[in-house]
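Chain by chain, the residues:
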Amino acid sequence: MQRLAHLWNRLDYSCGMLRLVPLLALVCVTTSIQAQTELRIANLGEPASLDPHYVSGVWENRIIGDLFLGLTTEGPDGKPVAGAAEEWAVSDDGTVYTFLIRDHVWSDGTPVTAGDFEYAFRRILRPETAAEYASLLYPIKNAEALNTGQMTDMDQLGVKALDDRTLVITLEASTPYFLAQLTHYTAFPVPRHRVEQYGNDWTKPANIASNGAYVLDEWLPSTHTVLLKNPKFYAADTVAIDRVVFYPGEDRAAVQKRFRAGEIDIAMDFASDQIEWLRKNLPEQTRIAPYLGVYYYPVNTAKPPFDDVRVRQALSMAINREALTDKVLKTGEVPAYSLVPPGTNNYGEPAYVGWMGVPYEARLAQARSLLAEAGFGPDNPLEFTLSYNTSENHKRIAIAVASMWKQLGARVELFNTEVKVHYDKLKQGDFDVARAGWIADYNDPQNFLYLLQSSSGPLNYGRYANPEYDALMEQASATTDLTKRAGLMAQAESLAMRDQPVIPIYYYVSKNLVSNAVQGWQDTINDIHRSRYLSLK
Amino acid sequence: MIRSSPPAVELQHDIKGRSLWQDAVRRLARNRAAVASMIVLAVIALLAVFAPMLSPHPYDEIYWDRIQMPPDFANGHWFGTDSNGRDLFVRTLYGARVSLMVGVLATAVSLVIGVIYGAVAGFVGGRVDDIMMRLVDILYALPFMFFVILLMVMFGRNIFLIFVALGAVEWLTMARIVRGQTLSIKHRPFIEAAHACGVTRTGIIFRHIIPNVLGPVIVYVTLTVPQVIMTESFISFLGLGVQEPLTSWGVLIAEGARLMEAAPWLLVFPATLLALTLFAFNFIGDGLRDALDPKDR
Amino acid sequence: MAARIMIAFAARRCLSALPTLLIVITLAFFMMRLAPGGPFDQERALPPEIERNVLAAYNLDQPLWRQYLDYLADLTRGDFGPSFKYRDFTVAELIANGFPASLQIGGLAMLCAIVFGVGLGTVAALHQNSPLDYTVMTFAMTGIAVPNFVMAPLLTLLFGVYLSLLPVAGWGDGAWANKLLPVIALALPQVAYIARLTRGSMIEVLNSNYIRTARAKGLREGLVVTRHAVKGALLPVVSYLGPATAAVATGSVVIETIFDIPGTGRYFVEGALNRDYPLVMGVVVFYAAMIIALNLAVDLLYGLMDPKLRRP
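Residue numbers (our numbering), protein chains in the order written: chain H, 1 to 537; chain R, 538 to 834; chain G, 835 to 1146.
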């Protein structure tokens, strides 16, 4: 550095004309900045981390999915396509995947190897890493045992780099959604040389190297995260946007105003109660699309009177879901009568509740008689608490549902707490009926139905324990034939819909505001839109 | 800044005191802003008390076909309906109940703590006074709003705790004012006379000191109530307000502020009532200050 | 003489600040820990083994008293700990990152509040009971009666969306245009309070004996006001500066959220709601230290201004 400065001084003295050079260079740089295309995204959340092993939010996924490239990745339509793996072969029993790693480099020029992947899988599964999302990789052989500490020898993990470009992944059992799951950030590679050199600080802009379409340029907490196009990206010539800025602000009303003022190009959510205004004033920019998720009310089956299936059925029947979606939400959500949303891969029609087609009034009458059978009536009203976490939408739904239950003669107390308290109570089983939601991690019915397996522990909020259900799910996971597997899972779901340990309310939709200048945007079922596929008019 | 009673009080301070208060009332009655404010406040309070009788609609009833409707006189929704289809008029009045109650009760808590604390510190004096006022100084240095938030986080949305938490924040200034007043009257002859007659210290504090420092205390009370109402609205904005279906002005205004363009009536009505109430309290406070200040004569 | 007394006073106050800080830390620490819910409770419950690992990684599996002592020990070394929510940053980094913005917004708001508050209050007092007085005081009342979470979106809607004069939100690396609206929204209630205070004390001072004397001496009214009255009338304003700072700090929580400003204030609410214990503690300790320092400064200023206190 010093030597350079010295050299510079000498040049400076020796020839006055040379002084113009840096000036000219500066001019060039500024003009090239102006010519850059910049995409500004309201991300509605500050990333907790940019380390793929330490994140859990969709807003983080938007950033790190632009930075890193998994073995497979999302195409423009959100469906899995080849990513860092050029091609792959699957063994006949569906348990061994052999990947050929694409010949590409990290943004610092170091080649991306199969070893980087092996390193990443081992890192996220190590108990000391304490990665919150590691359980997603449990289909891989011995992953669960290693992650929970029952096994300590990482060499036993079913991920092996045979050479720099060949990676073999062995699974516990055939997993039809495995390729789709590899697009998830839990399966992203991390630059081993950087992680080992910088430790926890490897995600700082100066230290990070990425293999995706973008590199991290600047990250100021609560201000913005700026990505620049990665010139070393293997498909860099197809990337149109040079610079992506993610704003973390979570105030949806403020975000909407910024969008209208032209300060941002894409807002990744908007408040439901603004929908009428938006439909009237920004109809083209308002994008609503089906989303692979379900909004539901778990019922605490371990606690009387909710251990009585009649009570749970009555509560579920008395909810007029159409009124909720059409009159309260009005953003195109679909009334839910099953746990698995329709259109999920590897599944047929979901197993809906038996009374789905029954008109509301008749259902209400049925619900009243079920409650009466269970011993509740005007002189012994059903009294309980409906808990929800603080949010305008949850509040509005809870108010409406409580008033529907009032028609059964039930006395419902509303109880709203912050998200941390809410989920703590759910985990402890300290609730009657509560609000919950589930967005799929991968496009497969198993991702929804395992929520009700008794082995799912704290995720099974209502403590539903039905040996028959568990057996069907076990059987399904051991079945390679996709049709048979789907049949077994549908059987399991129909049990759950009979027992109603969860009351499905509606299937989610994704809600985005997309400026007319943005080209290449496609509505996708997982609401993932990588910046590399977008361009600006 | 001595605002206590005139010297003649000592002999028969009952009679003299009454005439002082009569005087004050007469002057207050001449203050048009204060009188108007009292009328406004009385109207709002009456509306809040008789809210359920004034509207055909219950406060938690959902009208499914009238969600987020602007004011609609045909159906008796004078203020329109909220985004759950509930009548805003009756909800605003129920909100008034909660907000006024929070304001009054929290102020009462601060009044009780602050007056007793300040009177004791001022009257006992010496080391006790030093230590007590030092403690007040220390508490003053706490970022108190943060502690209110922590309290709300700790105990959940218990409306009773909102009162206590806010009262616990507001008593400090009250204690300082009362102590200052106490210091200024404690060597007056009527106190010494009470001493000489063998009245106990507690008796003197409660029977002689406190009644005689009430003037400035009342002024401060009228300024504390609006502050507390404002604080409650701030807490509601953070999403830590009262539980549904109950509501408060803070909750209503926070919701209205988000929808100020799509449904302006959700903001305008509760915010106007809040502003009117705060105006009224402040004018009454000013009026009382002028009325009780003997220097003005 | 006076100087030495002041220094002794200042030294005493500095010393007594330490126990105050300790009380703040202790209160905040245990209140935060008694609150239900933990930093790692979330929509997707962690498998118990993983949760144990996570808790152990942050020493949250230790007994509470142990964690408390550890925290104090770390604090004496200037270590505020890691943030639970923002895992890639330490609390010290976050505060250092956010403080410049908070300081600028808060400082400018205070400055506006004092300048406009005292100015308006003086004008109103000098024209007591005139239309001008009523206009100023009505304005002041509006500032007090409209919550800032209403004022802020109103301002952005008007100037940002409808008139397109100023940015709606964002920090823009601290550009003036980005600061204007947040500073106004933050300062308005304080302008109002200070204007009312100034007016009240100014009227009192203008009726006092020493001003009458000054007038009787034949001093021009302008001089009477600037040389004598303002100084006397400012005393209550000075003693209000402490609470005003606290109010601005509180207000900044709302303003920073609405205007998307990367300040420290919003970290408190975010930290408290997310049970990010070190972040909450860090912000509380930091703000408490600031408020204590400011109160000390105000006390000293008060001592310098009030002739009654200056004499031993």
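Bear in mind the hints are in silico, worked out from the structure with no lab data behind them. A couple of the hints might just be wrong.
[Claimed, not checked] Partial list, computed: chain R residues near chain H (C-beta under 10 Å):
#1 D597
#2 I599
#3 I604
#4 D609
#5 G613
[Stated by the list, open to error] Using 16 Å as the maximum straight-line C-alpha spacing, the simulated EDC-like pairs for lysine to aspartate or glutamate come out as follows:
#6 H/K204 with G/E877
#7 H/K330 with H/D269
#8 H/K303 with H/D432
#9 H/K327 with R/D602
#10 H/K406 with R/E598
#11 H/K330 with R/D602
#12 H/K330 with H/E392
#13 H/K406 with R/D597
#14 H/K484 with H/E276
#15 H/K330 with H/E349
#16 H/K79 with H/D432
#17 H/K537 with H/D242
#18 H/K327 with H/E276
#19 H/K425 with G/E877
#20 H/K141 with H/D155
#21 H/K141 with H/E128
#22 H/K232 with H/D108
#23 H/K303 with H/E383
#24 H/K327 with R/E598
#25 H/K406 with H/D441
#26 H/K280 with R/E798
Think of the CB as a built atom: it goes at the ideal place given N, C-alpha and C, for glycine as much as any other residue.
How the hints compare with the structure:
Checking R/D597 against chain H: minimum C-beta separation of about 7 Å stays under 10 Å; hint holds. Annotation: interface hint on R/I599 holds; nearest CB of chain H at approximately 5 Å, less than 10 Å. Among the interface hints, the one on R/I604 holds; its C-beta lies about 6 Å from the nearest C-beta in chain H, closer than the 10 Å criterion. Restraint check, R/D609 versus chain H: the minimum CB separation of about 16 Å is more than 10 Å; hint violated.
Residue-level restraint check for R/G613 is violated (minimum Cβ-Cβ distance to chain H is 19 Å; threshold 10 Å). With a C-alpha separation of about 28 Å, the suggested pair H/K204 and G/E877 falls outside the 16 Å cut-off, and the hint is violated. Of the supplied pair hints, the one linking H/K330 and H/D269 holds, its CA atoms being roughly 15 Å apart against a limit of 16 Å. As the CA atoms of H/K303 and H/D432 are separated by approximately 7 Å, the hinted pair is consistent with the 16 Å bound.
Between H/K327 and R/D602 the CA atoms are separated by roughly 8 Å; this keeps the pair inside 16 Å, and the hint holds. The suggested pairing of H/K406 with R/E598 holds, with an alpha-carbon distance near 10 Å, which does not exceed 16 Å. Taken as a hint, the H/K330 and R/D602 pair is honoured in the structure, with Cα atoms around 13 Å apart against an allowance of 16 Å. Using a Cα cut-off of 16 Å, the hinted pair H/K330 and H/E392 holds, with the two alpha carbons roughly 14 Å apart.
Note on H/K406 and R/D597: the hinted pairing holds, with a Cα-Cα distance of about 11 Å set against a maximum of 16 Å. Taken as a hint, the H/K484 and H/E276 pair is broken in the structure, with Cα atoms around 45 Å apart against an allowance of 16 Å. The suggested pairing of H/K330 with H/E349 is violated, with an alpha-carbon distance near 25 Å, which exceeds 16 Å. A C-alpha spacing of about 39 Å is found between H/K79 and H/D432, which places the hinted pair above 16 Å, so the restraint is violated.
Restraint check: the Cα-Cα separation between H/K537 and H/D242 comes to about 14 Å, which is no more than 16 Å; the hinted pair holds. This hinted pair checks out: H/K327 and H/E276 have alpha carbons roughly 11 Å apart, not beyond 16 Å. Distance check on the hinted pair: H/K425 and G/E877 sit about 11 Å apart at the alpha-carbon level, within 16 Å; holds. Pair hint H/K141 plus H/D155 holds up; C-alpha atoms about 11 Å apart against a cutoff of 16 Å.
In summary, the hint linking H/K141 to H/E128 is not supported, as the alpha carbons are separated by about 19 Å, beyond the 16 Å threshold. Between H/K232 and H/D108 the CA atoms are separated by roughly 8 Å; this keeps the pair inside 16 Å, and the hint holds. Of the pairs offered as hints, the one joining H/K303 and H/E383 holds, with about 13 Å between alpha carbons and a cut-off of 16 Å not exceeded. Taking the CA atoms of H/K327 and R/E598, the gap is near 15 Å; set against the 16 Å cutoff, the hint holds.
Between H/K406 and H/D441, the direct Cα distance comes to roughly 36 Å. Violation of the 16 Å bound is thereby established for this hinted pair. Between H/K280 and R/E798 the CA atoms are separated by roughly 12 Å; this keeps the pair inside 16 Å, and the hint holds.
Checked against the numbered hints listed earlier, the structure breaks hints 4, 5, 6, 14, 15, 16, 21 and 25; every other hint is satisfied.
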